[in-house]
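Novice: Sequences are here, hints too, so could you generate the full structure?
The chain contents come next:
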Amino acid sequence: MNNILEIKNLSKHFDDVTAVKNVDFAVEEGGFFSILGSSGCGKTTLLRIIAGFQQESEGDVIIRGQSMKGIPPEKRPVNIVFQNLALFPMMNVRENVAFGLKRQKLRKGDINYKVNEMLERVGLHGYENKKVTDLSGGQRQRVAIARSLVMNPSILLLDEPLGALDRKLREHMKVELKLLQKEIGTTFVYITHDQSEALVMSDKVAVMHDGQFEQIDTPRNLYKNPKTSFVAGFVGDSNRFELQSTEAGSMTTKGGWTLPQPDLNGSAKELYIRPEALILNPANNLNDVDRFEVTIKTILFDGSSTKLSTMVSGSNEELLISLPQNAQFEGIEEGHTLNVGIHHNDLKCF
Amino acid sequence: MRNNKHSFNITFYLLIVPVLIWLIFMIVIPHAELLISSFQVEDDNGDMVFSFGNYIEFFTQKIYWLTFVKTAAYSIGVTLLAFIIAFPIAFYLTKVTSKKNAAFLMLLLLIPLWVGELVTVYGWMVLLGDHGVINHFLMTIGIINEPINMLYTNFSMVVGLLYMSMLFMVIPVMSTLQSMDDSLIEAACDLGASKWDIFTKIIIPYSMPGITSGAIIVFMLVIGDYLAPNLLGGKNSLWFTEQIYNDFLQTFNWNEGAAFGFLLLMLSSGIIWLALKLSGQKLEKVGA
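Residue numbers (the working numbering), protein chains in the order written: chain Y, 1 to 350; chain U, 1 to 288.
Watch out, some of these pointers could steer you wrong.
As the list claims (entries may be wrong) - The calculated lysine-lysine pairs, modelled on BS3-like cross-linking and capped at a C-alpha distance of 27 Å, are:
#, chain 1, residue 1, chain 2, residue 2
1, U, 201, Y, 114
2, Y, 102, U, 195
3, Y, 8, Y, 108
4, U, 95, Y, 75
5, Y, 108, U, 201
6, U, 201, Y, 105
7, Y, 130, U, 70
8, Y, 105, U, 282
9, Y, 75, U, 277
10, Y, 69, U, 195
11, U, 70, Y, 131
12, U, 195, Y, 75
13, Y, 131, U, 100
14, U, 95, Y, 114
15, U, 201, Y, 130
As the list claims (entries may be wrong) - DEER-style ranges, computed between Cβ atoms:
#, chain 1, residue 1, chain 2, residue 2, range
16, U, 100, Y, 254, 27 to 35 Å
17, U, 15, Y, 152, 56 to 64 Å
18, Y, 179, U, 204, 32 to 40 Å
Since the hints were made in silico from the structure, they are not lab data.
Note that CB positions come from ideal geometry on N, CA and C, so glycine has one too.
Specialist: Right, dumping it as structure tokens:
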């Protein structure tokens, strides 16, 4: 394992707030590392410290084994793609991409070669002489990425670069960015508040909350085995229940719903159940499944992510259930009752 | 619908009429009048006849076109100086200091405009004169024994011209700098640009429309100014507006004055056109 970036006990204090608290992590060479958090959680501050635009209060940033203390942004082997892209509006596409290379005083031929190659790679061949203000959102995005990548940085930092795009284009750029990263092999550190962006693109995701990392894990583990209640609530959709009492092997929610829980830790206060973890009409031969009945209140139609809003029979708890859009559940209507099951492993208690 | 359209027409005419009156009576007619009289000279009988004489007079009399060239050169120089002084001020007010400080400092910059050019010019006379504040101070602390001759020189004239026009450079430059996102500077920094690169390759090109419109205003104000050259300039800092003034009010040669006025108009328009061409700016963009 070869760590290209190591963050050691990093903290950043502003006048009376601490934006980053004791963050400690490492990023592997060639990886796609995302930092996921809601706005104001300190992720942008963290990124700006890595880039060198802000000074850490404590701790250290180490790139390729070398401490970055006192090294200004223009001397660090990282480049950043800004949230608003920060393209130079008075220059055309070629001049934007060539800007950094010109600062290195490379030969004109070399600059042209590198710029052409990079524009080709991001699919902007033929747009060299267009003004950046005449480009579409997705194209501007690619210019910004090309401008940073052409510098051949050790690490490319991306500050929510897809935030300003519309939904369709964002979905498209997500896939494109991931493919681009795979192809060129540069380490990407990507910050976002959009969990889908983080989950789709990353090898590793760090969930940041209130200046601290809650969990660093693969996207699948983050979703399957959240370590804290914040992660469980933040990553993916969840039904959240407050627990009233927990006894040996079973637990009861505030709304009076009793569920079995074989390996419950005694101090658990909350229960999370993902809408898509619920099994409709579970087969009798499934093991470790708790079965119960629900009454459908409303159908929240949303294409492939259609959900049922239901009441758990014999209790006062609402439960959202994902409804597969196939022929099996076509006749389903409000007021019907349904048999539902949940595997014990999908009951997440904190 | 019909009614609507009708009332729109009335509003439209109500709005356009003052503009037209202004244009026709204040600008087109006087200029046409001057243009005609600039091509007239008095013949031996005292009658007005058509002639290029006024213009020929300008090109044959060395003093006229020397003043003309000097006025143009000094106006360009003052515009450059105004830019050199105003740009750091605009940059400081928009990007460095806090909004509250900037508002206060802006107020200080505006105060000279409130009292009018004449008063500020007299202010400079008090400061720069042989027995003025600056000379008195320098002599008291013993740096000089004799007063330095500053008033009634090209120096004092340039100071006065700069002082009254500088603000018109600061304001348009400030407004373009305000629209510049700081992340542009950070992006340039991130791509390895030095401070000088950031200044010459990012900040100046970005604020070029503001600089150009500021330069046009300053240049126009300076080349057409009369007070500062007349009161602060010496005997050999003759300004072209003073020639025109002399024609109209000293020698009462209105025809020559008219011709000189048109020459000044063509000169300033020509220089601005050339400057726009050279800097690659478009007038539409600069005005916006």
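Novice: State for each hint whether it applies.
Specialist: Going down the list of hints, with the structure as the test:
{"no.": "1", "hint": "201/U / 114/Y", "verdict": "21 Å, holds"}
{"no.": "2", "hint": "102/Y / 195/U", "verdict": "15 Å, holds"}
{"no.": "3", "hint": "8/Y / 108/Y", "verdict": "40 Å, violated"}
{"no.": "4", "hint": "95/U / 75/Y", "verdict": "24 Å, holds"}
{"no.": "5", "hint": "108/Y / 201/U", "verdict": "17 Å, holds"}
{"no.": "6", "hint": "201/U / 105/Y", "verdict": "14 Å, holds"}
{"no.": "7", "hint": "130/Y / 70/U", "verdict": "43 Å, violated"}
{"no.": "8", "hint": "105/Y / 282/U", "verdict": "31 Å, violated"}
{"no.": "9", "hint": "75/Y / 277/U", "verdict": "38 Å, violated"}
{"no.": "10", "hint": "69/Y / 195/U", "verdict": "20 Å, holds"}
{"no.": "11", "hint": "70/U / 131/Y", "verdict": "41 Å, violated"}
{"no.": "12", "hint": "195/U / 75/Y", "verdict": "13 Å, holds"}
{"no.": "13", "hint": "131/Y / 100/U", "verdict": "36 Å, violated"}
{"no.": "14", "hint": "95/U / 114/Y", "verdict": "34 Å, violated"}
{"no.": "15", "hint": "201/U / 130/Y", "verdict": "19 Å, holds"}
{"no.": "16", "hint": "100/U / 254/Y: 27 to 35 Å", "verdict": "51 Å, violated"}
{"no.": "17", "hint": "15/U / 152/Y: 56 to 64 Å", "verdict": "60 Å, holds"}
{"no.": "18", "hint": "179/Y / 204/U: 32 to 40 Å", "verdict": "39 Å, holds"}
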